[in-house]
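Next come the chains, spelled out residue by residue.
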Amino acid sequence: MPQLGAPPARGGDEAFRAFVEANGATLLHAARLLTGDHQRGEDLVQTVLTKVYLKWGRIDAPLAYARRALVTAQIDASRRRWWGERPTETLPETADADGLAPSEDRDQLRRLLAELNPRERAVVVLRYYCDLSEQEAAAALKMPVGTVKSTCSRALARLRVELTAEGAGQ
Amino acid sequence: MTWDESELRAALHEGEGETLSPGHIVALGEARLQRRHDRIRTAAVAVVVTGLLGGGVGALTQLGGSSESASSNSAAGAKLDHFGGDRAAGGSSGSAGSSAGAAGGNASYGSAPQPLAPAAGAEKVCPAHPAAITLPTDEAANTTAPLFTGKVTSIRLCGYRGKPDGVQTLRAVTTLRGAKAQELADDVNASPAGVRAISCPAPRYSRSVVLYPVSGTTPGTTVRLYATCGIDVTDGHAERLIWNPPADLRSVLDDLTK
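Those sequence lines, one after another, are chains A and U.
When we follow our numbering, the leftmost residue of the first sequence carries the number 175, and every step to the right adds one.
When we follow our numbering, the leftmost residue of the second sequence carries the number 168, and every step to the right adds one.
Any given hint could be a false lead.
[As the list claims (entries may be wrong)] Examples of chain A residues lying across from chain U (beta carbon under 8 Å, computed):
no. : residue
1   : Arg191
2   : Gln220
3   : Ile249
4   : Ser252
Don't read these hints as lab results, they were simulated from the structure.
Each residue gets a CB set at the ideal place from its N, CA and C atoms; glycine is no exception.
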């Protein structure tokens with residue numbers, strides 16, 4: 175997990191630009207993990223950062239706000255039929271920052287992550303990508319800590335089972 | 168394949184590093200702000216336009232209502248000013264009727280199409296209670312003499328209605344002008360003397376209208392009209408019993424004494 179900088183001091187566009195430069199990459203990657211889709215991840219993070227921009231002078235913790243908006247928007251979007259999950263046989267090939275194709279392990283994990291339900295996926299991303307504590311994840315998801323724990327435990331168990339099954343099948 | 172949480176973390180971090188353009192996000196935000204401002208401006212314009220249209224329609228409706236009211240009374244060329252009870256026109260009540268009375272009764276009755284109008288002050292102001300003009304009791308009275316003389320240019324009509332104690336108070340005022348005033352005068356003058364109603368269940372003299380005619384600029388003889396079972400008209404000397412006014416004028420008289 176990259177060390178995320180503290181929210182920049184308020185001060186208009188410049189402060190917001192600094193915030194995006196410091197946290198944009200992490201938020202974009204989180205969005206891609208949450209959506210399971212390269213392009214939809216970009217759309218999601220743009221939408222969320224636009225919201226942050228519009229509320230820039232009124233939010234105390236922009237990064238926490240952005241994370242919360244990210245998971246909320248993704249969970250809400252997954253509830254809509256026209257924006258719901260669209261499972262595909264193969265993940266789209268997307269260029270990485272280094273221009274290399276995704277590794278086999280990562281591809282496998284991403285695919286399994288995409289098979290989790292949106293809430294489970296959000297918990298995993300917040301806990302293991304954003305490095306949030308259970309309390310912070312609970313606050314971001316607006317759910318009890320106990321629910322975060324159980325959801326996380328269930329999600330990890332599913333990932334393990336699937337990975338083990340796939341490993342055994344190979 | 169087996170893994171632990173640290174491997175999960177590492178796997179999740181793979182592929183990150185692609186950056187976002189802050190300028191692009193700011194541009195998106197600015198565009199959204201612009202759209203929001205446009206919507207607010209559009210809504211504000213819509214509200215203003217709706218308000219103006221509403222006001223215009225209201226004004227037109229009011230004008231329509233006035234002309235309708237005028238036309239409903241157009242046969243009599245009259246528009247009524249109503250009074251609540253004991254208020255006397257021309258007094259300190261400040262009503263339209265009183266100001267009209269003080270000004271000679273011209274301004275408030277502009278709906279009448281007839282151009283003729285008496286000079287200011289020629290018409291009587293309606294008093295709070297009707298003028299004491301009673302039907303003559305003398306059988307030998309000249310009952311067929313004209314009640315209105317000369318060319319009547321306007322008649323101010325003051326309507327009264329009696330209270331349970333028998334006292335009549337001013338209810339409404341109107342003025343007939345020109346041809347309509349002359350028509351009323353001619354119709355009364357031409358009506359037969361009639362006969363007194365023998366049996367009348369209604370309270371006697373519960374309603375009355377006092378008429379102040381003007382010929383040119385000269386006030387004529389005040390005439391009082393009693394409405395009970397029929398309409399009796401007198402100036403205290405001559406009389407017309409059970410006068411049957413034209414329907415449009417009857418409705419005006421009814422309105423005056425409601």
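Legend entry - Hints not upheld, ascending by number: Hints 3, 4 contradicted; others consistent.
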